[in-house]
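Participant: Protein sequences, first through last, are from chains V and D.
The working numbering applies: residue 2 is where the first sequence begins, and numbers increase by one.
The working numbering applies: residue 1341 is where the second sequence begins, and numbers increase by one.
Simulated from the structure, these hints should not be mistaken for lab results.
As the structure is a prediction and not an experimental result, all values here were calculated from the model.
Heads up, a few of these hints could be off.
[Said to hold, decoys possible] Residues from chain D that keep clear of chain V, each with C-beta distances beyond 10 Å, as calculated: (1) L1441; (2) Q1445; (3) V1451.
[Said to hold, decoys possible] What follows is a list of derived Cβ distance ranges for each label pair: (4) D:I1379 <-> V:Q18: 23 to 33 Å; (5) V:G17 <-> D:N1393: 49 to 59 Å; (6) D:L1391 <-> V:R64: 34 to 44 Å.
C-beta: ideal position from N, C-alpha, C; glycine also.
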Amino acid sequence: DAGVTQSPTHLIKTRGQQVTLRCSPKSGHDTVSWYQQALGQGPQFIFQYYEEEERQRGNFPDRFSGHQFPNYSSELNVNALLLGDSALYLCASSFGQHNQPQHFGDGTRLSIL
Amino acid sequence: DAKTTQPPSMDCAEGRAANLPCNHSTISGNEYVYWYRQIHSQGPQYIIHGLKNNETNEMASLIITEDRKSSTLILPHATLRDTAVYYCIVRVASGNQGGKLIFGQGTELSVKP
């Protein structure tokens, strides 16, 4: 039974570019959350998708957007990349929004030059 | 902001029990205590969670004080593979703020031979 899978594993972009990261949830899960983890810090919540809608959002600018597809997979899009967007981007899936454990993928390492 | 306080680092001898404390003095009645760990270069791994009763699974035990203001994660027989950053998280179980995980700095556990 595959867990949460994310692609790509590593990515290098330059300032001003746009990037799309992808996530496939664990089998049976219908909710996807995205987190950003800067070097040496704990993950920071970006947003959560359930039933193809953004349900919650953390303190991130509108440059960060997402989408959830009918098969529950999800994308994270970041426009107008800044040097400060360099981080590990983590996807987590769960069954339902609230009190079931979230299970994480191993992330996409994004480097901005 | 994270609602938990953890020591930044701890050491444990291999084969001994590792007891990781967490303070969550402002916890509300509808908030669960979750524990995750993150091994270098991997995504966070779910360990255990509880509301007010002590919990045990194949990975660890969670002891929550009667007033719910603190908890302890116990790894009964630590191995070198348990070396990781351990995060204690208070998570709202429902409502508009429910679901998201707010990570603090965690405790860096080093298991030594």
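Participant: Now tell me if each hint is right for this structure.
Facilitator: Evaluation of the provided hints:
no., hint, in the structure
1, L1441, "violated (6 Å)"
2, Q1445, "violated (6 Å)"
3, V1451, "holds (21 Å)"
4, D:I1379 <-> V:Q18: 23 to 33 Å, "holds (31 Å)"
5, V:G17 <-> D:N1393: 49 to 59 Å, "holds (52 Å)"
6, D:L1391 <-> V:R64: 34 to 44 Å, "holds (37 Å)"
Going down the numbered hints, you'll see the structure goes against 1, 2, while the others check out.
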